[in-house]
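Colleague: So you can see what is in the structure, the chains are spelled out below.
2 protein chains.
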Amino acid sequence: MFVEIITIGDELLIGQVVDTNSAWMGKELNNVGFEVIRVTSVRDRENEILEAVDAAMKRVDIVLMTGGLGPTKDDITKYTLCKYFGTELVFSDMVFENIKRILANRITMNPLNKAQAMVPRDCTVINNRVGTASVSWFEKNSKVLVSMPGVPQEMKTNMSEEIIPRLCSRYKMGAIVHKTYTVKNYPESVLAITLTDWENQLPECIKLAYLPKSGIIRLRLTGRGNNEEEIKQIVLKEGAKLYDILGDNVLDENDSPLEEIVGSMLKERNLTLSTAESCTGGNIAARITSVPGCSVYFKGSVVAYSNEVKKGLLNVSEDTLNRFGAVSEEVVKEMLNGAMNSLKTDCAVAVSGIAGPDGGTAEKPVGTVWIAAAYGKTILTQKQEVDFGRELNVERATNNALLLLQKVLF
Amino acid sequence: MFVEIITIGDELLIGQVVDTNSAWMGKELNNVGFEVIRVTSVRDRENEILEAVDAAMKRVDIVLMTGGLGPTKDDITKYTLCKYFGTELVFSDMVFENIKRILANRITMNPLNKAQAMVPRDCTVINNRVGTASVSWFEKNSKVLVSMPGVPQEMKTNMSEEIIPRLCSRYKMGAIVHKTYTVKNYPESVLAITLTDWENQLPECIKLAYLPKSGIIRLRLTGRGNNEEEIKQIVLKEGAKLYDILGDNVLDENDSPLEEIVGSMLKERNLTLSTAESCTGGNIAARITSVPGCSVYFKGSVVAYSNEVKKGLLNVSEDTLNRFGAVSEEVVKEMLNGAMNSLKTDCAVAVSGIAGPDGGTAEKPVGTVWIAAAYGKTILTQKQEVDFGRELNVERATNNALLLLQKVLF
Numbered sequence: 001m002f003v004e005i006i007t008i009g010d011e012l013l014i015g016q017v018v019d020t021n022s023a024w025m026g027k028e029l030n031n032v033g034f035e036v037i038r039v040t041s042v043r044d045r046e047n048e049i050l051e052a053v054d055a056a057m058k059r060v061d062i063v064l065m066t067g068g069l070g071p072t073k074d075d076i077t078k079y080t081l082c083k084y085f086g087t088e089l090v091f092s093d094m095v096f097e098n099i100k101r102i103l104a105n106r107i108t109m110n111p112l113n114k115a116q117a118m119v120p121r122d123c124t125v126i127n128n129r130v131g132t133a134s135v136s137w138f139e140k141n142s143k144v145l146v147s148m149p150g151v152p153q154e155m156k157t158n159m160s161e162e163i164i165p166r167l168c169s170r171y172k173m174g175a176i177v178h179k180t181y182t183v184k185n186y187p188e189s190v191l192a193i194t195l196t197d198w199e200n201q202l203p204e205c206i207k208l209a210y211l212p213k214s215g216i217i218r219l220r221l222t223g224r225g226n227n228e229e230e231i232k233q234i235v236l237k238e239g240a241k242l243y244d245i246l247g248d249n250v251l252d253e254n255d256s257p258l259e260e261i262v263g264s265m266l267k268e269r270n271l272t273l274s275t276a277e278s279c280t281g282g283n284i285a286a287r288i289t290s291v292p293g294c295s296v297y298f299k300g301s302v303v304a305y306s307n308e309v310k311k312g313l314l315n316v317s318e319d320t321l322n323r324f325g326a327v328s329e330e331v332v333k334e335m336l337n338g339a340m341n342s343l344k345t346d347c348a349v350a351v352s353g354i355a356g357p358d359g360g361t362a363e364k365p366v367g368t369v370w371i372a373a374a375y376g377k378t379i380l381t382q383k384q385e386v387d388f389g390r391e392l393n394v395e396r397a398t399n400n401a402l403l404l405l406q407k408v409l410f
Numbered sequence: 001m002f003v004e005i006i007t008i009g010d011e012l013l014i015g016q017v018v019d020t021n022s023a024w025m026g027k028e029l030n031n032v033g034f035e036v037i038r039v040t041s042v043r044d045r046e047n048e049i050l051e052a053v054d055a056a057m058k059r060v061d062i063v064l065m066t067g068g069l070g071p072t073k074d075d076i077t078k079y080t081l082c083k084y085f086g087t088e089l090v091f092s093d094m095v096f097e098n099i100k101r102i103l104a105n106r107i108t109m110n111p112l113n114k115a116q117a118m119v120p121r122d123c124t125v126i127n128n129r130v131g132t133a134s135v136s137w138f139e140k141n142s143k144v145l146v147s148m149p150g151v152p153q154e155m156k157t158n159m160s161e162e163i164i165p166r167l168c169s170r171y172k173m174g175a176i177v178h179k180t181y182t183v184k185n186y187p188e189s190v191l192a193i194t195l196t197d198w199e200n201q202l203p204e205c206i207k208l209a210y211l212p213k214s215g216i217i218r219l220r221l222t223g224r225g226n227n228e229e230e231i232k233q234i235v236l237k238e239g240a241k242l243y244d245i246l247g248d249n250v251l252d253e254n255d256s257p258l259e260e261i262v263g264s265m266l267k268e269r270n271l272t273l274s275t276a277e278s279c280t281g282g283n284i285a286a287r288i289t290s291v292p293g294c295s296v297y298f299k300g301s302v303v304a305y306s307n308e309v310k311k312g313l314l315n316v317s318e319d320t321l322n323r324f325g326a327v328s329e330e331v332v333k334e335m336l337n338g339a340m341n342s343l344k345t346d347c348a349v350a351v352s353g354i355a356g357p358d359g360g361t362a363e364k365p366v367g368t369v370w371i372a373a374a375y376g377k378t379i380l381t382q383k384q385e386v387d388f389g390r391e392l393n394v395e396r397a398t399n400n401a402l403l404l405l406q407k408v409l410f
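Protein sequences, first through last, are from chains A and B. Letter 127 of the first sequence, counting from 1, is numbered 127 in this note's numbering, and no numbers are missing. Letter 297 of the second sequence, counting from 1, is numbered 297 in this note's numbering, and no numbers are missing.
Treat the hints as calculated values from the structure; they're not laboratory data. As the structure is a computational prediction, the values presented were derived from the model and not from experiment. Possibly wrong hints are sitting among the right ones.
Identical copies carry no separate label here, and so any pair may be met within one copy or between two of them.
Below, simulated DSBU-like cross-link-like pairs (lysine-lysine); rule was C-alpha separation at most 30 angstroms, straight line [unchecked claim]:
no., residue 1, residue 2
1, Lys207, Lys267
2, Lys232, Lys179
3, Lys73, Lys241
4, Lys407, Lys140
5, Lys184, Lys73
6, Lys213, Lys100
7, Lys73, Lys213
8, Lys364, Lys83
9, Lys58, Lys143
10, Lys179, Lys383
11, Lys364, Lys27
12, Lys156, Lys383
13, Lys383, Lys100
Modelling step: build the complete structure from the supplied sequences, incorporating the hints.
Modeller: Structure representation (structure tokens):
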């Protein structure tokens with residue numbers, strides 16, 4: 001079953017909002033066997049929406065639309081869909097009750113809220129449990145078009161609780177199995193060469209994709225067929241061969257983010273972690289705490305942006321700072337020990353660098369970052385170089401810190 | 001001049017990678033007067049790429065493509081473009097020299113790297129300063145199609161340094177002026193009602209959009225015309241009226257993120273800041289340090305995920321923790337004072353809450369977050385309620401903390 005997603009909104013085309021909806025939808029739909037073959041983003045213009053809807057309805061079986069359902073003037077999706085399906089808006093008591101419930105404790109009902117209770121007549125209207133804009137489910141020539149709100153949390157709730165279950169009960173699909181292996185220490189082309197023979201012997205029913213990202217490469221195997229269990233076994237068998245070829249460089253096989261991989265290692269071995277961060281400014285801690293249940297192993301961090309904080313809370317010596325500078329192997333090692341002592345943890349990571357755009361010198365140009373990771377008395381350090389811009393310098397340092405922690409724990 | 005962006009890659013449709021490229025491109029193109037009217041994401045399939053390219057070349061003046069130029073088997077963009085333009089791949093010494101330079105200190109050249117030096121014959125080839133895949137610039141029937149790498153950093157560098165300057169010198173455009181006003185304290189529909197009269201009197205050449213996001217709403221005014229200075233004056237004149245209607249609720253008029261708004265306030269008044277974070281786990285510090293030059297006012301943070309760290313580094317009393325619990329107004333106030341004392345700052349924000357999915361109780365359900373902000377002895381506190389899921393709970397708490405800091409500084 002082929003799906004096209006249409007995301008609507010000037011803000012997407014002008015780049016003020018990143019469309020994260022379609023990636024989330026693609027992932028969830030794929031998990032249950034629907035294949036998204038195209039995403040189209042268009043502006044809030046009637047003719048452009050109509051053209052996109054019409055082309056999509058010819059191309060695929062299911063069209064999922066997000067956005068343009070808000071209470072304001074620039075939201076025209078439901079009027080446009082009425083035109084496309086030759087229907088009109090009618091007042092829905094059910095939707096109006098829901099809007100009152102949603103707004104109950106927040107604001108007084110106004111005419112714009114009431115206008116949100118107007119819904120297309122010839123469609124199934126689905127109440128939105130977490131917002132005021134309702135979901136419209138149209139059917140035409142045995143094809144389905146669903147229009148839903150674009151606010152990510154509302155879209156997710158409506159997709160998970162209503163739209164995906166209804167799609168699953170309406171269609172029967174073939175089996176699809178994904179398995180993603182995370183590989184470290186390989187540049188993409190070297191990995192491709194290393195895996196040539198393996199890749200060439202992959203059965204027809206399996207497709208391979210390389211997904212490189214800041215220091216690691218994810219290899220995604222996708223198997224398709226009629227029998228899910230059979231496809232799963234084939235995928236796992238081919239995946240297992242990767243360990244023979246790449247050994248310990250295969251970090252993970254569940255598409256887990258790095259913070260989850262190190263989190264599991266710490267949890268299994270009953271170890272605790274802290275971080276001491278200068279240029280990463282809390283990003284490592286934020287990544288680590290994005291994992292539910294991390295409080296079992298994560299105690300906390302000192303973000304030591306200034307030298308006074310490095311001295312005061314992490315016990316970095318004035319002398320070391322003066323002799324080697326804040327961005328040095330010596331200082332990150334002292335930060336590391338400071339974190340383990342102050343926060344009383346078994347392991348720690350520490351980072352100090354020049355994120356840019358300013359603050360570089362001839363000897364230590366922007367992009368220079370020192371990273372250290374410790375498990376008890378075992379300390380590993382690493383120097384990151386080359387300037388990729390402030391944001392990416394910090395992201396790379398965060399990933400490298402997590403990779404170094406993984407290494408010291410291994 | 002109308003532009004369509006085509007992003008290529010199975011990983012986008014299956015949702016393993018969020019397409020951040022097109023938003024960035026849309027923003028940069030808009031700034032120089034090109035209008036992106038559609039974004040299309042397709043899979044790595046020849047017929048789907050061909051169909052999308054052909055439709056786009058009919059629809060718009062300029063087609064910009066990203067992705068599918070890597071060294072591996074699933075990358076088919078350049079072969080497909082040769083087919084579309086009726087040309088073939090030839091070896092480019094210039095590109096080969098660039099590839100050698102890029103790979104110099106990292107890996108040995110292999111056949112896949114060499115294959116990247118094969119480029120379409122009938123196009124202008126532009127070297128990629130920061131990667132191995134080159135840029136191809138085609139022209140046909142006075143329309144332009146540019147194919148570039150999909151790795152965000154490479155795309156950005158090539159767009160900024162080569163593609164946008166070349167587009168600007170090839171086309172002449174009308175003027176376009178954007179101005180975005182950030183408004184706090186208004187739900188979207190209430191704001192829309194409040195602004196009805198103002199909105200109705202806006203001149204034809206101005207378009208308005210509402211962009212709500214976690215507690216704030218951005219109002220974007222877009223003016224178009226022939227004379228840039230004239231359009232700018234009209235936009236500014238209409239924007240100025242917002243202050244008369246909304247007063248202090250207009251936070252900013254430069255589309256600055258909250259962290260930049262509070263950063264400017266601190267900098268102007270020569271004040272210093274620290275954060276004490278429990279459930280936000282470093283996210284507030286990460287947001288604050290995303291602003292270049294923040295070291296002038298930001299000293300650091302204590303991420304106190306565990307109670308021991310709250311006591312040890314922030315001096316929260318055992319007694320307060322026992323009597324009120326870690327998620328309480330009393331504890332965030334002590335965290336706040338602890339941060340200002342330990343990190344010696346004029347201002348601080350502190351957060352403690354239950355991000356979920358576990359850890360809630362009947363009295364303090366998941367989603368309960370206490371937030372406090374201080375400037376010297378003035379302390380403001382706020383209780384955030386309702387569970388939107390771990391990620392969004394943390395994001396909302398981060399935004400609310402920055403808003404509370406803005407308020408205490410105002």
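Colleague: So, for every hint listed, does it hold in this structure?
Modeller: Going through the hints against the structure:
Taking identical chains as interchangeable, the C-alpha atoms of Lys207 and Lys267 are never at most 30 angstroms apart, the minima being 34 angstroms within one chain and 53 angstroms between chains. In this homomeric assembly, Lys232 and Lys179 come within 30 angstroms of each other (Cα to Cα) only inside a single copy, at 9 angstroms, whereas the closest approach across copies is 52 angstroms. Only between protomers do Lys73 and Lys241 lie at most 30 angstroms apart by alpha-carbon distance; the minimum there is 19 angstroms, versus 57 angstroms within a single protomer. Taking the closest pair of Cα atoms, Lys407 and Lys140 never come within 30 angstroms of each other, the shortest separation being 56 angstroms inside a single copy and 52 angstroms across copies.
Taking CA atoms no more than 30 angstroms apart as the test, Lys184 paired with Lys73 passes between copies only; the shortest distance there is 20 angstroms, against 50 angstroms inside one copy. Only between protomers do Lys213 and Lys100 lie at most 30 angstroms apart by alpha-carbon distance; the minimum there is 22 angstroms, versus 45 angstroms within a single protomer. Taking the shortest Cα distances, Lys73 and Lys213 sit within 30 angstroms of each other only across copies (18 angstroms), while inside one copy they are farther apart (40 angstroms). Within a single copy, Lys364 and Lys83 get their C-alpha atoms no closer than 62 angstroms, and across copies no closer than 48 angstroms, so neither meets the 30 angstroms cut-off.
Within a single copy, Lys58 and Lys143 get their C-alpha atoms as close as 9 angstroms, and across copies as close as 27 angstroms, so both meet the 30 angstroms cut-off. In this assembly of identical chains, Lys179 and Lys383 lie within 30 angstroms of each other by CA distance neither inside one copy nor across copies; the values are 33 angstroms within and 42 angstroms between. In this homomeric assembly, Lys364 and Lys27 never come within 30 angstroms of each other (Cα to Cα): the closest approach is 42 angstroms inside a single copy and 33 angstroms across copies. In this homomeric assembly, Lys156 and Lys383 come within 30 angstroms of each other (Cα to Cα) only across copies, at 25 angstroms, whereas the closest approach inside a single copy is 41 angstroms.
With identical chains, the CA atoms of Lys383 and Lys100 are at most 30 angstroms apart between copies only, with a shortest distance of 24 angstroms across copies and 57 angstroms within one.
Hint compliance for this structure: hints 1, 4, 8, 10 and 11 are broken, all remaining hints hold.
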